[in-house]
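Protein chains: 4
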Amino acid sequence: MSDYLTGIKEFLNSEVIPLEQENLPYSELLVKLIDLRDQVKSAGWWLPQLPGEVGGMGLSLEQFGPISEILGGCPYGHFVFNCQAPDAGNMEILIEHGTPEQKEKYLQPLLKGDIRSCFAMTEPDTAGSNPILLATTATADGDDYVINGHKWFASSADGAEFAIVMLQTDPENENVHQRASQIIVPMNIPGIEFVRNIPIMGVAGEGYFSHGELKFNNVRVPKSSILGSEGAGFSIAQDRLGPGRIHHCMRWIGICERAFGMMCERAMSREISPGKSLATKQTIQNWIAESRAEINASRLMVLDAANRIDTVGAHKAKVEISTIKFFVSNVLMNVLDRAIQVHGALGITSDTLLSHWYTHERGARIYDGADEVHKSNVAREILKSY
Amino acid sequence: MSDYLTGIKEFLNSEVIPLEQENLPYSELLVKLIDLRDQVKSAGWWLPQLPGEVGGMGLSLEQFGPISEILGGCPYGHFVFNCQAPDAGNMEILIEHGTPEQKEKYLQPLLKGDIRSCFAMTEPDTAGSNPILLATTATADGDDYVINGHKWFASSADGAEFAIVMLQTDPENENVHQRASQIIVPMNIPGIEFVRNIPIMGVAGEGYFSHGELKFNNVRVPKSSILGSEGAGFSIAQDRLGPGRIHHCMRWIGICERAFGMMCERAMSREISPGKSLATKQTIQNWIAESRAEINASRLMVLDAANRIDTVGAHKAKVEISTIKFFVSNVLMNVLDRAIQVHGALGITSDTLLSHWYTHERGARIYDGADEVHKSNVAREILKSY
Amino acid sequence: MSDYLTGIKEFLNSEVIPLEQENLPYSELLVKLIDLRDQVKSAGWWLPQLPGEVGGMGLSLEQFGPISEILGGCPYGHFVFNCQAPDAGNMEILIEHGTPEQKEKYLQPLLKGDIRSCFAMTEPDTAGSNPILLATTATADGDDYVINGHKWFASSADGAEFAIVMLQTDPENENVHQRASQIIVPMNIPGIEFVRNIPIMGVAGEGYFSHGELKFNNVRVPKSSILGSEGAGFSIAQDRLGPGRIHHCMRWIGICERAFGMMCERAMSREISPGKSLATKQTIQNWIAESRAEINASRLMVLDAANRIDTVGAHKAKVEISTIKFFVSNVLMNVLDRAIQVHGALGITSDTLLSHWYTHERGARIYDGADEVHKSNVAREILKSY
Amino acid sequence: MSDYLTGIKEFLNSEVIPLEQENLPYSELLVKLIDLRDQVKSAGWWLPQLPGEVGGMGLSLEQFGPISEILGGCPYGHFVFNCQAPDAGNMEILIEHGTPEQKEKYLQPLLKGDIRSCFAMTEPDTAGSNPILLATTATADGDDYVINGHKWFASSADGAEFAIVMLQTDPENENVHQRASQIIVPMNIPGIEFVRNIPIMGVAGEGYFSHGELKFNNVRVPKSSILGSEGAGFSIAQDRLGPGRIHHCMRWIGICERAFGMMCERAMSREISPGKSLATKQTIQNWIAESRAEINASRLMVLDAANRIDTVGAHKAKVEISTIKFFVSNVLMNVLDRAIQVHGALGITSDTLLSHWYTHERGARIYDGADEVHKSNVAREILKSY
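Protein chains in written order, with my numbering: chain A, 1 to 386; chain B, 1 to 386; chain C, 1 to 386; chain D, 1 to 386.
None of these hints come from the bench; they were simulated from the model. Values in this document were obtained by computation on a predicted structure and should not be read as measured data. It is possible that part of the hints are untrue.
Heads up, the list lumps identical chains together, so a pair's fine if it works in one copy or across two of them.
[Stated by the list, open to error] Here are the simulated DSSO-like cross-link-like pairs (lysine-lysine), alpha carbons at most 27 Å apart as the crow flies:
#: 1; residue 1: Lys223; residue 2: Lys316
#: 2; residue 1: Lys384; residue 2: Lys103
#: 3; residue 1: Lys384; residue 2: Lys276
#: 4; residue 1: Lys9; residue 2: Lys318
#: 5; residue 1: Lys384; residue 2: Lys316
#: 6; residue 1: Lys318; residue 2: Lys105
#: 7; residue 1: Lys316; residue 2: Lys9
#: 8; residue 1: Lys318; residue 2: Lys276
#: 9; residue 1: Lys9; residue 2: Lys384
#: 10; residue 1: Lys105; residue 2: Lys384
#: 11; residue 1: Lys41; residue 2: Lys103
#: 12; residue 1: Lys276; residue 2: Lys112
#: 13; residue 1: Lys112; residue 2: Lys41
#: 14; residue 1: Lys318; residue 2: Lys41
#: 15; residue 1: Lys41; residue 2: Lys384
#: 16; residue 1: Lys9; residue 2: Lys105
Isolated chain A, as found in the complex (with noise of 0.2 Å):
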């Protein structure tokens, strides 16, 4: 394991982790997980996914994907570190697309941690998985582009400072893969409606670990919001996709590990008659021997589509990326549902993070593509070949 590996465990385990068990107050909390990013900046593990161009550690995607593995195993990890998701897809967004301004403007507090960002793209009202059925538009109107619509599952909308949001530009385009275009919305300006935060299985959430749904009533924003130009929304989508899901995919497994890890504890440490452990249960082994071939089957996956996005690009890695996509979710299924099961009662009470990932992590399956679409995309692109 590289060094700065080991350090990033050892920060991890001493230093947030820890929290997990106080308990403390949004506003608490956040105060504190910003306190540890300094000492994230000194160790020189700051934005670990990113170029040193702009201040991060430099890395290939392959070799970001055990730090993401490592963070994911602490709900607060990926914040800590300024890897967390939405600001780390609009970063790179922002960085590959953006105008020197948007850069000025956006980019550069994002990188330095001083704002956070969403991203509206999913409508409760059309089928994420057809991007023609979207129903958030723009209209030219002078300078300026009038945006209205209804968008949901804004991932820390609240809070954020601003919004990039996807929608059409030009609905009635032949080619329904430029209709849409990518705009960013700072979040203070009228017309933007908060509904609420979406509870999601029950809780609600706040900040940074919460779920918008958001109104749009004619808002207007320069054009020069835009990014890159009109009609490039869905390649700037798709873009965003590939690194993505390796980022997501690589923390679900840091959270396989943590749970793997807390049911052979429970295994060891239950009793089921005197002297005797519930890790002498054929079937609690079969959990076992199953969960862990089933995570390592996804990290050596996942670490290989990283690294064919590294080397031959997100466009000819994309059977891999979509069969990382539905593989890791279901693992991440299995193995939080066995370690629940092994818990007994204490599994599905709110005393361990396990029924935490059991409904905030459910969506897993659902976000950045149902399990069934990108099942039907893997086979479409390996028939072609027949």
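Once you have looked at the hints, place chains B, C and D on chain A.
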């Protein structure tokens, strides 16, 4: 469908289910639910699980099954009919094992719906699968028992008038099945420490909709509080489990049917491309067909088990009772999981009941004996003939 | 259990099952099986699937179910009772749709057990799931039809007296469901090319235990050979499938029960360490419990479907009939697979019947409509109400 | 892909795979396969699994993996390259533990491909999972051992020159792992009773393609026939298993890839309605995507395990070696099962290789330690750290 089934179904649809949308505070909801009980009584549907002698509908268990299914479709259903856990089980125990005084004091108000009760068996520190590990004790002291111990998952303890507590009265008895007893403990006496309503997957609930954690610190009750006799704790608990499992399983099937309906409606109404619904996708069709098969199988098996309990008694129906426990609890998880996936992002929000069930019914595979324990029991019982 | 069920079970155990061990050449086996038919007739069990008018037991489909289950436990069971596929289905067609001459010539000897028949529907080159692709044709020529086509999986064609052939008589009919007809074709007339008994997973079989591949090269039959009327092919085929599926499913359940018994016996008798049997392993216990649950579910569902066919007709029982097809075929595979695994190396040999069923029943998920087709049909039927 | 991999793949496609269609009698096939060995030798691909010193390709295990995968795509592949089981394992044992005389007499002709051998470990009457149950014994008698016992699943025993026999030499040794030894036994000496080639799922096979059942009736061999030393039987067997499992797993992956290709081709070529192929069905797409994911996962895990054996030794790679055993064997079954289902009726015939693999590779979940044993071993090993 019998007349009363039709009537109950219509009543549930028109009077009870609409309350789900109102999101009332618990106290207001409770008032409304209690009001509805009058209609249930007038209609002759009160206590559908109990014999006519105690004011019930006088149905067999097999006949009660379909009622429990209908009521299970709404989280408030059983409560309105006064057949909710854990009161229904406690009523059965009191009917079967209560002294005239116990019946007068505890059973009568339960039957009338004037009070609620709880059942304190599970302990955080001992494995429920092994009764000899039970750590709560009642020590004889003059005419009293002095109770010490730590219980949790005492469902609906918050606001309960009394608890039936499972504990050891004779921890050294060589016959391990005679070590335990069940004792009635009023909830308002000294030494009962109400620790908390346990948060289940992030949500703690309140009153009837809660699971309590309790400590018993030198709680003193008269010896007349014992149910049946000293050492009868396990046999009473066993008696309780057979019919209780039919209640639960039919309730789960009710949830399945409601989730199934939601899945079908969503599949038909969700547009994935202009004029084409989600229901045209073969994967969705597979889930609908598989869910239909599994739910049908569940219902037939549970009614068959109920029929066996009715005709040959719970003891001889052991295999069937354990079989439905693990079979139906898994069908419930499958159906809920598929319904959520069909709902996409909406499925993981609290905007539908799906996430409520997904979190609050995850315990189905754990409580009343983990599935794994039941499977071993079924196999051992079957293998006796080989 | 009814008297005749007990009698049939005993007869099967004492007279039929012992033949399995003798490994007789087909011709010798056949003699023995035919001899046993006399006992069946004397006992009043002949043609258990048919009404009294044609010499059967006069049972409802639901009553016949348990007989089919018992007989299914032995590969020779149905044959000895003259309720074997495909003759049983052909008898039904002839009873329902045959002319007096057809009944005299074909039905009577079938009922007596004097001849065997086959059913030629499946074609190697067209997908059975889509009837409009059917490539075999009968062209009218004077008073005759001239038949050309290529069929396979005509079970028991080897030695059959006649075939009922499904083919297109009106391939251009706009109503695709009226293009096909069923025609009786004697097997000994010119133009019928018996290509081979198809090797199924390595074993070709012989006579009754075979699946024929046939070519029809200008085969000429009189027009009076048609069943029902021109264009009635599909509706006749549909009629045949409902009860046929009950027969198959109950037969599969019979196989399941026998394999289940073998699994239990092996688990108890196989020593894995001195004094400790394989049955002590929890994984084995899980398999036994899960198999028990799945077999029970299967039986209840099939009998329920049979009851619906008996009471409301096959057409209204469509969902139930398709549901059992895919549910029970998968249970069959699960149970066989587990039983093999419990037998270890012995399980993959031909020394037990397990491998026979594993290979010869794999088709259960394919024939009479692949599971996948049935699932889509079930979903589409259900979704009509949404 | 390395040059030799490309070359081997082309050679397999052009020279070896075509033989599959010829359905030659075993003796004729053998001649052709042996002829092909000359081309392999000339190309420098002989003994790809062995070091250069003994005439092999001198590759690491991780490098050999992809060769084994390519060869595994054809049932004759490994044989033509002289890396077939059980000879490959026997060569390893002889290289590692053979005396100069043993090497001269047995190893040299094996390396040249002049003879074949077999390995007799499994016994019909004792559970292979527990070595202390081994019932075959070698009793010292003067300068000889006298061997008695009953073995089966001695693969390729039919025509083998010698067997390596696992047996007890010191059945009372308190250290149970020192009771067994491995002894070389020529197949043509008195007392060896060749019972039969065991029919596997209906097919007995012949010569190299067979699994023998053998009895040893007072078979007498000189003491110099022992491998390593008395009591070393288990440690030798353990050594053999690590690399052997890589060989098997990579071979299984080769089968998976070939079956995967067949599945894709069938999906594209099978018309289900005019102009519409089976590949348009989402269920088929799911199977293709899931198979792709599972096969990729398998390959990465096996190569990772091979790399660990290469770098830290088989002993420290225990978890990885056991993990791939159960993971890949199940992937193999999944992929074959899906490929068969996609082929419909054709899939269960012997007209494609699918049914050959379905039957002959079902043992993969049983031999070399049943999956269930490996899972428990993996769990126990992992739990040591908790």
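(request) Starting from the hint list further up, note which numbers the structure goes against and sort them upward. (result) 1, 2, 6, 10, 12, 14, 15, 16
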